[in-house]
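**Student:** Make the complex out of the two chains shown on their own, each in a separate frame, by following the hints.
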Amino acid sequence: MARRNLKNGRENHRPMVWGIAIFVLAAGLAMVYLGLHNTCEDIGRQIKKLEAERAELHKRVLNEERNWAMARSFGNMERLMAAHGIAMSWPAEQNIIRLRASEPDEPALYALRGGVSARD
Amino acid sequence: MIDRGYIWRTTFVAVVLLSVWAGLAARLGFLHLGKNESLKNRVRNMRTVEEKILVGRGRILDRNGQLLALDLPVRTVCVDPLVVLSNGQAQAVSAQLARVLQLPPEQVYGRVNRPGRRYEPVARLVREEVAAEVARLRLPGVFFEPLTTRYYPHASAACHALGFSNKEGVGSAGIEQRWDSLLKGRPGLRQSERDGRRHEIYTRRTLEIEPQEGADIYLTLDLNIQHFVEKALDAAMTNFHPKAAWAIVEDVRTGAILAMASRPAYDLNEYNQTDADTRLNRAVGVNFEPGSVFKVGVVAAALNEGLISTNDLFDCENGMWFYAGRPLRDFHPYGTLDVTGILRKSSNIGAAKIAVMLGPERLYRYLKSYGLGAPTGIEVPGEETGILNPVARWAKVDITRIAMGHSIAVTALQMLNVLCCIGNDGFLMKTHLVRKVVDKDGVVLRENKPEALTRPITERTAALMRHMLAEVTREGGTGTRAAIAGYNVAGKTGTAEKIVDGRYVKNENVSSFMGMLPAERPEIGIIVVLDNPQPLRTGGVTAGPVFATIAEPVAHYLDIRPVDAAEMAYYDKILLGQP
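Same order as they appear, the protein sequences are chains A and B.
According to the working numbering, numbering within the first sequence proceeds without interruption in unit steps and concludes at 120.
According to the working numbering, numbering within the second sequence proceeds without interruption in unit steps and concludes at 579.
The hints are simulated quantities; they were obtained by calculation from the structure and are not laboratory data.
Even for Gly, the Cβ is constructed at its ideal location relative to N, Cα and C.
A couple of the hints might just be wrong.
For lysine to aspartate or glutamate, the following EDC-like pairs were computed, each having C-alpha atoms within a straight-line distance of at most 16 Å [as the list claims (entries may be wrong)]:
| id | chain 1 | residue 1 | chain 2 | residue 2 |
| --- | --- | --- | --- | --- |
| 1 | A | K48 | B | E51 |
| 2 | B | K430 | B | E379 |
| 3 | A | K59 | B | E145 |
Partial selection, computed: residues in chain B whose CB lies under 10 Å from chain A [to be verified]:
| id | residue |
| --- | --- |
| 4 | L68 |
| 5 | P73 |
| 6 | P553 |
Distance windows between CB atoms, simulated [what the hints assert, rightly or not]:
| id | chain 1 | residue 1 | chain 2 | residue 2 | range |
| --- | --- | --- | --- | --- | --- |
| 7 | B | Y504 | A | R72 | 41 to 49 Å |
| 8 | A | R72 | B | A485 | 25 to 33 Å |
| 9 | A | E56 | B | N239 | 43 to 51 Å |
| 10 | A | E78 | B | P535 | 29 to 37 Å |
| 11 | B | D559 | A | E78 | 20 to 28 Å |
Bound conformation, chain B alone (with noise of 0.2 Å):
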């Protein structure tokens, strides 16, 4: 006999345990079949991931494929103060973390022993060697955060042409400014889900939008033509003082700019730890007047214009010369001179008188054909244009000025554009500073090639040029101190008065030398530009003797081939016109 309370029992558990599965099965029902969009939307949302595919910045090289500036991984060494001191070792981890780091150990304890604070970062921008050290050591409460940084391996070699990226990875002086678009590329994008653990399934990936990596820019700079350039610009604001130098060296045939470098300059890794002026690109960004460097420009036009020939001579009246009423004079007084002798000796006088014999309106002409008064179009941002005034806004007594610098403004790359020209036999090359830009599969997408702009003056007149600066360089000239064993350097020195609150100061100059070699068929322009150098102000003593320490290195290093005999006759022939 079963017994009833059994029989009871029995029922209503089955009818609990019944009623609770039909409930559970009905709220199942309900949350499958019934609009719990809200609901079905948080559960979506918890799997569902969406990221982005961060990619680097391209890496920006130099002619020969060095690296300039490139993304690097690194972390932030990070610790957990709670756990360290939990474990009574703050010394022992500060210790050790400060040896491995390089670090003040008060600095890292101070940020270790830091009781109920769960993350403090100890060092940043910690390079993945560095970082596998400290993990090597097992410290307790010891992480790591990684990150990617710009980095330039090189300091502060180039860094007023190359630029940098902030710390949002935009481009903001420089190559990395002009070129940003190129270099940043394009982010991925991937849709997917995870599971439990927060991993991705990949099998449920639902979308993804392969990254464009940015692009990689091969510059026409040398690096060890700019180690050249820099090393000399360094030693120049030791021995002369200035306030600024800065340089150019040019490839004369195709106007690929081999180095550019200013001083005073900055570490391209701690850029937000120098000022404006210093990272002002004064090779571009920087107008002057130019001073005696100018006379080759109205000289050669002068020439071109078969106004003069090399050995006409001019009165150079003993060293000053009234014009429309304003006095003009020379650094040293000269008699006659031909117009060898007026660059060799760099006389105002005879350069104004043949300004005056080629006119206003003609010299106005070829200095907007030379590319004065109009920015270059070189690729870094901040160039400046010049001052060209119109010839209806010269005062008469303007065109001498001119003729001999002033009254003028110009950047030292126009400057050494103009002799450039000379040097290719007339030929004006739009000057660049990037080789060629290559997308991650090896694919060109732009590149530099020589592009003539215009020819302002004939192939003879050039020659003919060439031939006088060369005595610049030589015995009784002016830039003596630029001249290199071996070679003959074709030059002009400049000695520009500075203008302070509107007007000529004595005693502050700019010092320039531009010149190329060998004279005869040049390959390489330098330009050397000193702001205010001291004691020793004129150019031929300072920035001569800089663009030879320059120049020298540079044509051992490119196998610059110095002109013999045979050679020699055949340019000698040219001069005469029997080419």
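Next comes chain A alone, as it looks inside the complex (with noise of 0.2 Å):
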């Protein structure tokens, strides 16, 4: 008799240990939810500021671009030449070495210098 009371019993706990289960599995789902959403918020205010910043260093960018204009600029230059006291001339054709990758000449040309281009 006892042992079928025990027997009885188990039967009859069984539908709370099954809700038990499902419930503990709805809480897991959410937990793992909310862990996802947590995660995707955070992800879109780092890709949020990462947008900010990439925003402002394209504007350091473009000043740093304009700095760098400026500053090769003729005006630029000739200003810096002045104030350092340089005076720069272009130089005599006779103080000009070229070098240049060798070039074909015309055909007829490079006969006519015997075989010797003028680039060479």
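**Tutor:** This is the structure in structure tokens:
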């Protein structure tokens, strides 16, 4: 009798066990969902931050490009040269030594030179 | 024993609370389940954000990658006068702002001292570095508004070719206008939601269309050569007092424009402070009667037809010749001149006799094949086509006038093309100002490569012409002041009388010089035009020296190799017809 009661008791507890299991599973899924949601939110925030950072860097690049263009401008060069007392002139032809990759001349001209290219 | 009053009170409170909760639940259910489209839309509109993702215009660069135009982030420095005045710091804030922004203190104080106002812009288009300096002062009531503006680092350099884009970011002149569709790009679109603090929630983005940034345009212009040209033109404006001056430098072999400048010029960053006349790109936008530089095309045509040779002699009638009952005069009287002499001395009568030998139809055919009377197709707006009437509309005397560059109108670019055609062994190249268009990913969208349009004259004719034109800058020629040391320059002077109120005026001229170097195998062609120089008026003494001032540094800068003896012998053989 007692034994049968025990069996009956187990059978009576079975739905509760299932209920707890489903609850735990649901809670687990909810936790996973929350975790994923938070991760996505976090990544979203990071992306937003990086987007703002990229925009800021782009601005800086543009500013630096402008500064570089100004620094290389003729007006600035002339101002700097005047400030440092530098006067420049073009070199005379006899002072120029041209170092160039050998390029073939026109065939007739090459032959005229006795096989020596003007660019040799 | 429980007090009955207590039971009633408790019951009453419970009923009230339950009623309130029931009411709220009912309202909640009604809001969620009922048809409350207007409310839903209101909430949706408050949360939804739809914004255009704006992109800057593409950059414009020269052939070496030097920046000529870019979109620059700047700020407007503003003040909240209410805050500043309530702190009693109007004087101090004004003084500090004026010092950093380099503005008159009274002007800044005038902005700050406006009781009751909440917004006053103190300085616009302030660079980021300067704005950062202002921000470091931590002045009360001072704030910034970010914006982007089109910026031209070199101010007036190549202003007529570059043009500008207006405040709305629309290209309104020059390259900026012609290439607006590629420069401006396409804005993107973003649909998303925002939180209670009005910050966008990234995970709620429902639509994101990436913007297409404006493409970069690389020009054929070289900023250094442009500088040489502009410096020379500025000096010409001072020395010869012309109403205007313009010049072009072209790569003879490719048709690429290396420099294009006009004077007067203007600062592109302050384009709205100039008039239309100053903004006119005269290099392509002004038709003028070219005068004697035009003889080059006429003589080349006759040579090419075999009607004349370089040594043929022409009677220049001692300076006065009647044709079709109308007199034609030379600037100086000459007796007999050979063809080289006609070019060297710039004899109108000699050139007219050659044109008469050629005949109107043939001359017209050659002029058309040089590209005259039609636009060159250069990539800037406002190009004039020149004026070349059909033969049917020519009066009998016109052929003699056209031979000396009257009764016809050209642009400087068209005239330079004729010379470069001679420099390029007879091939007329398509001129271009844009080298390539590159998008932000580095993909080349368009690229201009050298393109031969026609070949009006043969290689030998071209060589003979160069040989004769080299005499113009030698002793006895009209263009000796255009000569430069170390190079033979082939060129031609021009002095055309201007037409005022329908009549030619003696004391007002368009003076010009066009030349190329080295004469034997030209690499660059240059034209200089001065509109009414005073008191010196002829092309040889005004435009000639300007040409030399440009050509000398350009030849050094481009490292143009002078022709040596062996090479000279080779070209001499071509002239003798034995290449």
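**Student:** None of the hints should be skipped; say for each whether it holds.
**Tutor:** Going through the hints against the structure:
no.: 1; hint: A/K48 x B/E51; in the structure: holds (15 Å)
no.: 2; hint: B/K430 x B/E379; in the structure: holds (11 Å)
no.: 3; hint: A/K59 x B/E145; in the structure: holds (14 Å)
no.: 4; hint: L68; in the structure: holds (8 Å)
no.: 5; hint: P73; in the structure: holds (4 Å)
no.: 6; hint: P553; in the structure: holds (7 Å)
no.: 7; hint: B/Y504 x A/R72: 41 to 49 Å; in the structure: holds (47 Å)
no.: 8; hint: A/R72 x B/A485: 25 to 33 Å; in the structure: holds (29 Å)
no.: 9; hint: A/E56 x B/N239: 43 to 51 Å; in the structure: holds (50 Å)
no.: 10; hint: A/E78 x B/P535: 29 to 37 Å; in the structure: holds (31 Å)
no.: 11; hint: B/D559 x A/E78: 20 to 28 Å; in the structure: holds (22 Å)
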